[in-house]
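> Sequence:
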Amino acid sequence: MKKSLIRWTLYSEIEDDCIRKNPFNYDLSTVLEDDTKPKKILTPEQEKNLLAFMDQDKVYQKYRDEVIILLETGLRVSEFCGLNRTVLDFKDKSVNVMHRLLKDSEIGYYIETPKTKSGVRQIPMTEEVCQAVNGKIKITKKVGLAITTYGNAKLPAGYLF
Numbered sequence: 096m097k098k099s100l101i102r103w104t105l106y107s108e109i110e111d112d113c114i115r116k117n118p119f120n121y122d123l124s125t126v127l128e129d130d131t132k133p134k135k136i137l138t139p140e141q142e143k144n145l146l147a148f149m150d151q152d153k154v155y156q157k158y159r160d161e162v163i164i165l166l167e168t169g170l171r172v173s174e175f176c177g178l179n180r181t182v183l184d185f186k187d188k189s190v191n192v193m194h195r196l197l198k199d200s201e202i203g204y205y206i207e208t209p210k211t212k213s214g215v216r217q218i219p220m221t222e223e224v225c226q227a228v229n230g231k232i233k234i235t236k237k238v239g240l241a242i243t244t245y246g247n248a249k250l251p252a253g254y255l256f
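Plus 95 on top of the position in the sequence shown (first one is 1) and you've got the numbering used here.
In short, the hints are calculated from the structure, not lab data. Hints should not be assumed to be uniformly reliable.
[As the list claims (entries may be wrong)] In the DSS-like style, the derived pairs of lysine-lysine whose C-alpha atoms are separated by at most 27 Å in a straight line are:
id, residue 1, residue 2
1, Lys231, Lys186
2, Lys132, Lys198
3, Lys157, Lys233
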């Protein structure tokens with residue numbers, strides 16, 4: 096139940112003289128300390144160094160396309176993992192974010208819509224992102240299934256990651 100609903104309900108109790116004071120009539124920020132830390136964003140130089148390292152390293156080379164897509168689009172990891180061919184528009188060079196891949200301890204992986212309306216959005220693709228996505232499409236077409244990082248087929252064909 097939301098705090099505002101409880102506050103309103105208790106306000107009506109004050110009006111009816113059932114209680115004297117509303118215990119939910121306070122600013123939440125006075126009770127909880129904001130302990131969030133600002134996110135550190137990679138500089139263009141750091142991005143360049145990361146991709147150069149990945150080009151040279153045999154282990155990380157195979158993840159280069161994924162890193163390019165994440166860096167260039169700003170997709171959340173769950174949105175990235177839920178990408179499929181239907182949300183990619185190569186004509187307009189955009190990604191339509193309409194769902195995400197989540198994991199539940201009981202049911203396993205499942206597809207869900209974003210939590211809020213602002214989570215549904217259209218993100219432009221640079222030429223580099225288009226090339227990276229096309230590379231992933233070619234790989235998944237050869238395999239015919241979506242493959243997780245552990246090598247397990249988890250999603251129906253059409254999903255890229």
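> If a hint holds in the structure, say so; if it doesn't, say that too.
Hints, verified against the model:
Only pairs whose Cα atoms come within 27 Å are accepted, and Lys231 paired with Lys186 is accepted, the gap being roughly 18 Å. In summary, the hint linking Lys132 to Lys198 is supported, as the alpha carbons are separated by about 26 Å, within the 27 Å threshold. Proposed proximity of Lys157 and Lys233 is supported: the alpha carbons are some 14 Å apart, at most 27 Å.
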